[in-house]
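**Q** Residues per chain, in single letters:
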Amino acid sequence: MKKCRRCSKPATLHITEMREGGVHELHLCETCYQEYLDFSETPDDPETTDSSSEIAIELSGDQTLDELDQTSCPNCGISFREFRSQGRLGCPHDYTEFENELLPLLENIHGETQHCGKLPTRAADSSHRQYELIRLRKDLQQAVTAEEYEAAAQLRDSIVSLESELGLTDDETTD
Amino acid sequence: MDLDSLIPVSGSWLRGTGPDADIVVSSRIRLARNLARFPFISRADDDLRTEIETLLKSQVMELSSAPPFHYLDVADLEQIDRQFLVERQLISREHADSHGSRGVAISEEEHVSLMINEEDHLRIQVLQSGLSLDGCWDLIQQIDNQLDETLTFAFNERLGYLTACPTNVGTGIRVSVMLHLPALVLTKEINKAFNALHKINLAVRGLYGEGSQAMGDFYQISNQITLGKSEQQLIDGLKDVIPNIIKYERKVRDELVRKNRRELHDQISRAYGILQTAQTISSEETMQRLSSVRMGINLELIDDLGIPAVNELLIHTQPAHLQKLYNSELEVRERNEARATFLRRRLAERRGEQN
Chain A
1 MKKCRRCSKP ATLHITEMRE GGVHELHLCE TCYQEYLDFS ETPDDPETTD
51 SSSEIAIELS GDQTLDELDQ TSCPNCGISF REFRSQGRLG CPHDYTEFEN
101 ELLPLLENIH GETQHCGKLP TRAADSSHRQ YELIRLRKDL QQAVTAEEYE
151 AAAQLRDSIV SLESELGLTD DETTD
Chain B
1 MDLDSLIPVS GSWLRGTGPD ADIVVSSRIR LARNLARFPF ISRADDDLRT
51 EIETLLKSQV MELSSAPPFH YLDVADLEQI DRQFLVERQL ISREHADSHG
101 SRGVAISEEE HVSLMINEED HLRIQVLQSG LSLDGCWDLI QQIDNQLDET
151 LTFAFNERLG YLTACPTNVG TGIRVSVMLH LPALVLTKEI NKAFNALHKI
201 NLAVRGLYGE GSQAMGDFYQ ISNQITLGKS EQQLIDGLKD VIPNIIKYER
251 KVRDELVRKN RRELHDQISR AYGILQTAQT ISSEETMQRL SSVRMGINLE
301 LIDDLGIPAV NELLIHTQPA HLQKLYNSEL EVRERNEARA TFLRRRLAER
351 RGEQN
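Line by line, the protein sequences are chains A and B. Residues in the first sequence are numbered from 1 upward in steps of one, following our numbering. Residues in the second sequence are numbered from 1 upward in steps of one, following our numbering.
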């Protein structure tokens with residue numbers, strides 16, 4: 001159980017700051033985190049207005065940070081630890097896989113967790129079905145690296161047939 | 001696209017027209033989108049990145065809702081050319097410095113640019129002169145709608161458009177306005193304005209500067225939040241507050257003119273003089289002097305130079321632009337001389353043009 005860096009209460013928020021020169025980790029309790037927010041500086045680079053410079057994760061339940069860090073997305077393989085240290089997610093499915101940790105984070109960043117803006121024309125469902133392709137590609141990649149060529153061939157077939165089923169080979173052909 | 005042909009010109013968004021163009025230099029809207037069936041860029045290896053780029057490039061280049069594009073293979077460009085595009089605000093620094101297949105589609109007038117394989121698979125940007133967020137939104141929506149006809153974007157009903165960084169999820173929109181606020185900086189009232197903006201979830205960044213110190217008194221104001229509000233609400237959030245800042249800056253400028261006209265006029269004239277005659281000048285100082293001159297034109301204390309010329313100089317005096325103009329790599333000292341030469345010539349040419 002990590003202690004808060006500023007007082008000695010248990011730390012419930014785990015912040016990863018990304019600065020030039022590297023990544024810096026900070027563990028704070030709720031109160032000290034509020035103070036940290038009030039005094040935090042704006043990021044340096046005026047051109048990266050778009051990237052976040054810190055990720056603050058609040059643990060719920062009994063899970064330790066180390067346990068959480070080991071969990072990973074079955075689709076793209078990114079571990080939670082990797083997400084925390086680079087501030088970027090690996091694939092759309094991560095939003096489901098890491099939902100418990102991401103919802104409070106999103107609440108902190110945006111104050112809301114329900115989208116009420118524009119919708120794409122295709123139902124969200126068709127978007128979800130395509131995530132399977134991410135997993136298949138990752139498995140294919142691993143099979144090739146491990147020289148399991150039979151498995152790789154089967155995976156390739158699965159990818160082709162799923163793309164065809166989803167109508168991707170018609171709409172989104174590569175030229 | 002022949003980048004060298006861009007050297008003497010500037011994007012239409014710098015032409016200094018558009019509402020409130022004395023203080024609002026430009027408006028910008030950006031949308032982030034990812035394809036559902038690929039991992040995000042950080043987990044995409046080189047082969048995948050190539051596949052994503054090829055696919056998106058073919059869709060982007062066929063868009064009828066957008067002006068005709070030139071496509072640039074950013075991975076293949078020289079470092080100086082990438083820097084050149086960053087200075088023109090057509091790609092981000094991240095896009096320039098990243099690795100793997102990536103490109104950008106740019107309109108002739110440089111008001112639309114689509115980056116492929118930056119932080120997200122697709123980042124669409126529309127830039128217009130003055131305060132014209134509605135105009136930006138109309139055009140960017142048309143482009144997004146047309147892409148949406150053939151592409152399936154990563155999306156879920158709860159969280160909206162899914163992006164590589166949680167700070168962009170939901171609408172994936174970044175709405176910003178670039179303002180010139182020399183009077184607020186001069187009277188040190190700028191921090192009051194920033195604190196007020198921060199309280200309503202708007203981010204303020206200095207352009208061309210480090211930390212909160214802006215070079216040339218140019219500031220970019222944009223939304224922090226992208227989830228839980230609609231795109232129109234986020235745009236309105238900025239539209240509602242920018243007029244107040246404009247009023248504030250104008251009020252302080254008027255006061256400065258009333259109370260300190262002589263000192264102000266002197267400062268502006270000296271700045272103009274330095275730009276016209278210096279033999280060597282750093283980019284920091286150039287920004288500073290250009291800021292004074294720009295204000296001077298708005299206050300009618302300078303009457304033989306136009307805003308478009310000043311806007312252009314902000315871009316053309318930057319390092320990659322100068323090096324491309326002189327077609328050689330220049331060290332800092334040589335650049336400072338080249339910059340001064342360029343300023344003397346350009347200002348001599350442009351004097352006599354007015355707004």
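Hints in this document: simulated from the structure, not taken from any laboratory. Please read these numbers as outputs of a predicted model, since none were measured by experiment. Cβ coordinates follow ideal geometry from the N, Cα and C atoms, glycine included. There's no promise every hint is true.
[As the list claims (entries may be wrong)] Ranges between beta-carbon positions, derived for each pair:
| id | chain 1 | residue 1 | chain 2 | residue 2 | range |
| --- | --- | --- | --- | --- | --- |
| 1 | B | 73 | A | 81 | 29 to 37 Å |
| 2 | A | 79 | B | 79 | 46 to 54 Å |
| 3 | A | 74 | B | 134 | 22 to 30 Å |
| 4 | A | 165 | B | 199 | 36 to 44 Å |
| 5 | A | 156 | B | 54 | 17 to 25 Å |
| 6 | B | 195 | A | 3 | 51 to 59 Å |
| 7 | B | 328 | A | 99 | 50 to 58 Å |
[To be verified] Distance condition first, Cα-Cα at most 25 Å in a straight line; then the derived SDA-like pairs of lysine to any residue:
| id | chain 1 | residue 1 | chain 2 | residue 2 |
| --- | --- | --- | --- | --- |
| 8 | A | 118 | B | 156 |
| 9 | B | 199 | A | 16 |
| 10 | B | 239 | B | 196 |
| 11 | A | 118 | B | 196 |
**Q** Which of the listed hints are not met by the structure?
**A** 2, 3, 4, 6 and 11
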